[in-house]
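Got chain A; can you put chains B, C and D on it based on the hints?
Protein chains: 4
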Amino acid sequence: MKKNPLKVVIIGAGSSYTPELIEGMLARKNEMTISELWLVDIDDGWHKAMTIKSLTERMVKHAGVDMKIHLTKDRQQALKNADFICSQFRVGCLEGRIRDETISLKHGMIGQETNGLGGFANACRTIPVALEICREIEQLCPKAWLLNFTNPSGMVTEAILKQTNVNVVGLCNVPVTMQKGAAKIIGCNEDELVMQIAGLNHLVWATEIIHDGENKLPQVLDAVLAGDNSMVPQNIPAFGWPTKLVRDIGLIPCAYLRYYYQSQDMLDDEVIEMKEHKLGCRAEVVKDIERKLFEIYENPQLNVKPKELELRGGQYYSEAACELMSAIHNDKRTIMHVNTRNNGAIAGLPDDCAVEVSSIITSAGPKPLNVAPLPVDVLRLIQLMKEFETLTVKAAIDGDFSAALRALVLNPIVPTGKILEKALEETIMANSCYMPQFSSLIQELKKNN
Amino acid sequence: MKKNPLKVVIIGAGSSYTPELIEGMLARKNEMTISELWLVDIDDGWHKAMTIKSLTERMVKHAGVDMKIHLTKDRQQALKNADFICSQFRVGCLEGRIRDETISLKHGMIGQETNGLGGFANACRTIPVALEICREIEQLCPKAWLLNFTNPSGMVTEAILKQTNVNVVGLCNVPVTMQKGAAKIIGCNEDELVMQIAGLNHLVWATEIIHDGENKLPQVLDAVLAGDNSMVPQNIPAFGWPTKLVRDIGLIPCAYLRYYYQSQDMLDDEVIEMKEHKLGCRAEVVKDIERKLFEIYENPQLNVKPKELELRGGQYYSEAACELMSAIHNDKRTIMHVNTRNNGAIAGLPDDCAVEVSSIITSAGPKPLNVAPLPVDVLRLIQLMKEFETLTVKAAIDGDFSAALRALVLNPIVPTGKILEKALEETIMANSCYMPQFSSLIQELKKNN
Amino acid sequence: MKKNPLKVVIIGAGSSYTPELIEGMLARKNEMTISELWLVDIDDGWHKAMTIKSLTERMVKHAGVDMKIHLTKDRQQALKNADFICSQFRVGCLEGRIRDETISLKHGMIGQETNGLGGFANACRTIPVALEICREIEQLCPKAWLLNFTNPSGMVTEAILKQTNVNVVGLCNVPVTMQKGAAKIIGCNEDELVMQIAGLNHLVWATEIIHDGENKLPQVLDAVLAGDNSMVPQNIPAFGWPTKLVRDIGLIPCAYLRYYYQSQDMLDDEVIEMKEHKLGCRAEVVKDIERKLFEIYENPQLNVKPKELELRGGQYYSEAACELMSAIHNDKRTIMHVNTRNNGAIAGLPDDCAVEVSSIITSAGPKPLNVAPLPVDVLRLIQLMKEFETLTVKAAIDGDFSAALRALVLNPIVPTGKILEKALEETIMANSCYMPQFSSLIQELKKNN
Amino acid sequence: MKKNPLKVVIIGAGSSYTPELIEGMLARKNEMTISELWLVDIDDGWHKAMTIKSLTERMVKHAGVDMKIHLTKDRQQALKNADFICSQFRVGCLEGRIRDETISLKHGMIGQETNGLGGFANACRTIPVALEICREIEQLCPKAWLLNFTNPSGMVTEAILKQTNVNVVGLCNVPVTMQKGAAKIIGCNEDELVMQIAGLNHLVWATEIIHDGENKLPQVLDAVLAGDNSMVPQNIPAFGWPTKLVRDIGLIPCAYLRYYYQSQDMLDDEVIEMKEHKLGCRAEVVKDIERKLFEIYENPQLNVKPKELELRGGQYYSEAACELMSAIHNDKRTIMHVNTRNNGAIAGLPDDCAVEVSSIITSAGPKPLNVAPLPVDVLRLIQLMKEFETLTVKAAIDGDFSAALRALVLNPIVPTGKILEKALEETIMANSCYMPQFSSLIQELKKNN
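Protein chains in written order, with the UniProt record's numbering: chain A, 1 to 449; chain B, 1 to 449; chain C, 1 to 449; chain D, 1 to 449.
Okay, chain A solo, but in the shape it has when bound (with noise of 0.2 angstroms):
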């Protein structure tokens, strides 16, 4: 079947990751023609933006590639008759994110940006910009296919999911990482491999690792018991599993299970790097980083992605966005490791929740694999995890308190009680521009105080 030119847009491409993209989509110029590549920012990313958007089309020239790339504010334009949307914002800045965990690490508790306290505000402050943007989908092109690797990838993709009627899929460089290293481990390419994974984002497994007729997850899962860190992201310094614990599960946990596996040593951790660097916790390295990296692509001689962005920690995000896009748009069937509706792929979950599965990418997006049942202990994490992203969602469009309360309860790595309800509203407060949603609580507070 021959295939119509595309229309991409990237919303939040003023984004260090960008780049990446960028190479992503050049590198797959045989398998699909992006005719219209659509930059879309804010003012606050403005700058970064048109030096992204320069850099873009220098590499787009160095590929001798005929695409033609726009940058804009006015996201309605962009969006209208896309074919696919990359969304990679991220409200409030890394500003937002340093506050975030700042709060957290002041009373005690771990600072994340998809999980705990951190993670929340992450979604209040994302979900309803994310929900507006799907609006003008739904007007302008709703039959595109929106990537969304804005984090809290999971709970984002699960609001959308339920509020409307985009085709969403959710991604994340994690499980890519793991199917990487788990080849790199057993020495073949990593499409001779078919690893399934499940779970929710950054609270995934791989379940099955097969390769020439076998299931070889128990020698890869050996080896990272024994300290291999190949299926680790480049962001996180090595480290060791719990051995007895893991071993044990019998499945391979993707590094974010640390927060569950290891929370003192990951809590203890970030009091350390806290102190050590001036900058203070990861948000603002991060932050340092991000500036390093737009010094380089501010070089006019640069025309391909530089090795540094690899250092960044989102590495394969791209290529998952990619292939992605590729395998919807040419039926490719193959396997990828998406954040999809659940319609019973993991039992014991709602059937209209997200869920990050092994799926088959058709022309109609992804088809789950159907998940065979998990360790109990495994499925128990799944579900609590699972209704504290419920009711985060909740809390997140209704500016409900009580749901936010109720949600970062149930959480494992934040404690509850006194402090759980003071950090929440200094959290709020600190964010009283973002989520107008909590309006009026926030005015309650400001008064009292």
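Treat the hints loosely; a few may be bogus.
Pairs count within a copy or across copies, as identical chains cannot be separated in the list.
[What the hints assert, rightly or not] Straight-line Cα separation of at most 30 angstroms, DSS-like style, residue types lysine-lysine; simulated pairs:
no.	residue 1	residue 2
1	61	106
2	143	216
3	68	143
4	394	162
5	394	244
6	418	180
7	3	216
8	53	80
9	73	106
10	184	143
Don't read these hints as lab results, they were simulated from the structure.
What follows is chains B, C and D alone, placed relative to chain A:
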């Protein structure tokens, strides 16, 4: 990866279907190298098996393939280190099926090879033999794949899954035919479709037919309800569905759903057919076709599969079987429709039962796609019939008359009460030499008469 | 706690059963003070209702009770501030039932008042009227309890539960009879037993019969299978169960399970009965009994419930209804067998459906006992029939012919195919004045004929 | 029915709670005739047990009851033909509990007798002994009822349910206290309420409080959130709930839910308490109370239960235990709140696990009321903690260190990582003489140190 040449075994090689299988293997000579093909049969089928052996040798020679053909009654010799085993034997031959259908019709019941009282009888004759073969496979070639198309394929597969460690996949030409028919209706190549099916063997619905980014099932359903019979196997005469019923359900039923949606019509047709045909019921017709086919096979000039075989009704079995062999051998990851362990693919059924579902075929066998929630009435029928199957398998293994009654009482095409007990006893007596598991009941019944 | 005197309403007061109800109320004069009893009926039943009113006044006077009796056609006046409403009306009178059963038998189907095509027709006549009454209850006496024994009691209760806010409990004399029979078999008082039943109305099994610290169900089952008919309502002729089947299931089926376990026998019996009786089928027999009962009721000397009423078949309805009234009024916490919202009592059925289960009766109505997991074949039959009921209720409310077909196709006592569509259309046409919800279909059918 | 006189056994008779039990039995002298009461204890508790025996004899005499009191170390003699066994032993005495809580607090974890690391240790000490007793019961009095209030009551009951055939019911004074408190808040007698509770031992919510035809739970919840502590056991100091959180959940949590809803506050309080009390943590306080109680018990004038016992914290245990005995003995069918086999009462938990639910008590033991669907976050917490319990029971029986880690990692009040493994090893070493199941681990750890 370099692949070793394969040893393939066909059990029940004297079947008139065998030339289909041979054709399928020869058509895939570039995908898989079969160095040894072992044809196995018993005394009863020996004459036919010798005819098949000769024809096979002529076909192999004509195709210019280097494949050694063995014919033996020594099953264990054949199984030793086999890679793939095709199981297509029929215990009690066609005479068994004829007896089953005659007894059913005599008592006013639908006579059918895989359902109702006939299906029960067939299961009781077949499952003990299938399990005996599987015990040998566990010893002689534990890593081999058993491709079962011995009927009743769903129950045989379930028995093997529950009782043995054999790698088994159950096959049927019904979903293959549905996919080919849907492609014809849409006007595209079969492989441009992602059709998903779900249910049990001979109790299956197409739930989605993706083509070019859209679910074309509604338009295919329109064609089917307007009388297009493309999705119906050729051995089933053209027929029309109850339009309002099927449109409202919104899925495309396989042809065998007529036994549930048009039970009285099916019974009436069978009664008429029995009266009109001198030969009696469908099984008699099949026997006649068989006789003619073997006359053709014996022609020493014949060195390809004869066209007449297609009238026999099982076309596409070979395609399914050979494609499955190649898909496993080559880790093709194509989507096929197979009988395999449920494991949650269809919510509401036990994890350990056999279901017929669309699966991707890997080097480690089928991995089912998740089945999105089915309409409740469809699910209820599947659940009911799965319990019929489970109890039938129990009766077939243990010779449990009470389990047999419990099975048949659930089956909607079986009238219950005195007539059922009578017909069931008559069936067991008529099969006394093939159902040793019921020996104590048989002796008791003999004594009472 | 001091209790107010009660206002009780009987809808369909002209029923021959009413004297049972009156007797039950008078027998509980020390437990509950009924100051007003409102008898409601329509023109069609007016003559009978007047007979009932006179008899009631004589019975009340004879019992020395101070209860005011009103007879009215003004249902709203009667309902105003009522405490309890007994619903026992019959839309289309016995003629409707006779028509249903005649049409069914004519097409070779079992004719039955609460199941199959007859049950479907009954539901379609009755549910719209029941919902109309409930709308009035919501307005005029929202806290009242509606005790429904209008058939088909299970489906009427389900419709009310799903569509209204009325406090409804569905009643049936079948489980009451089973408990009395079990006590007789064991040789103890009825209230010494804790018998648990579970299922749907007319599709119910006793699952446990506790007496003196032990489950006596096995010995009761032995007696039942040996021919003891104590657990069978008197209007059902003595019969024997298929022993091996029922013993293996291990629960005690209610008499109506014969329609599933002995379907052909039931049909054969009905055909014979129809031929032998001049009066035709069961409904005709009932009509004859009714006529004779009213002759007795008209006797001005009669001031108690006449013995002849017990032959009518509904004995113990009154006991169930009056005991339920008293149990709610007095917060008795006795265990009764009622139709109420499932809410998980029977796992595998929707929370919001009606089930027939043993419940403790509190001042806030029935609280079901948990039902331990049922044998799978029993559960499958319940699930199937619940979906028949759900689709029937949908058809009855919306006049949805497709839902009707989907319902009936699931029902194991209904043959499917052309004959079903024909019989269904004939049934709707024969009931055209009672099924306004099907008016567009009726017009269409009239045009075509 | 005439009842035989009963033989009752108390295991761990030297407990300071025993006089409560005796009082309860004497108060029910007209409901059940106890002819023999056997007090069982071991050497460690012998002195206390003798004190209890004397006090019991004085109480029995004072009550004018003819009951023979035996004190023995020969458990088997005591169990022979017993009717009821009350189990209230404590392996390792209070010292064990003190050690548990000290180790927990040292590592920054909440110290608690039935939850977290302390609950785990308690389970590992207790379950093997409980199972040993049950093996004797199976032999010596297989029809007896074991009323277990040995902590951790839920896990001990679960172990017995899964591993033995003993008729066991687990008891706790928490729900009893809730019911009494609710009655006080409403201003009625306790038995005028039908309160339903659901969850696990020490993880239970009141879900409905019926009084006079209405669910009064909302008004009781208002009172609780306004600071009414009537529903909290007396040994727990008055406290306030996080109002917005609990009101939004809409159920009334038992006091132990503070460990989940106010985890940091509980930990902070414990740390402060440990510092302030010379005696250390809660267990030390209890030990002090115990000492004082026994001084009182030794007073030869004392012939009733002394008031001071009520401060001990377990009040109403005796009431629950004796009422349960009488309810079973007399087939009372009263509603009690007990730990028993789930069997589907709480959907989403395994059938074979122990749950704490409101049940009617028959002569054959408790029959749970169905639990209507719980709020999802409540269910998720129950499911999580049930899996903690299941894995803890596994570890306690098999001495499985990996299962222990998997259990504790799930528990929300336990921090994970290096500190957990360290604290767990320390706990096992400190209990080495009470945890023979971990002997190989203990030897390994000894070798490494």
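| request: Mind listing which of the numbered hints don't hold for this structure, in increasing order? | output: 1 and 9
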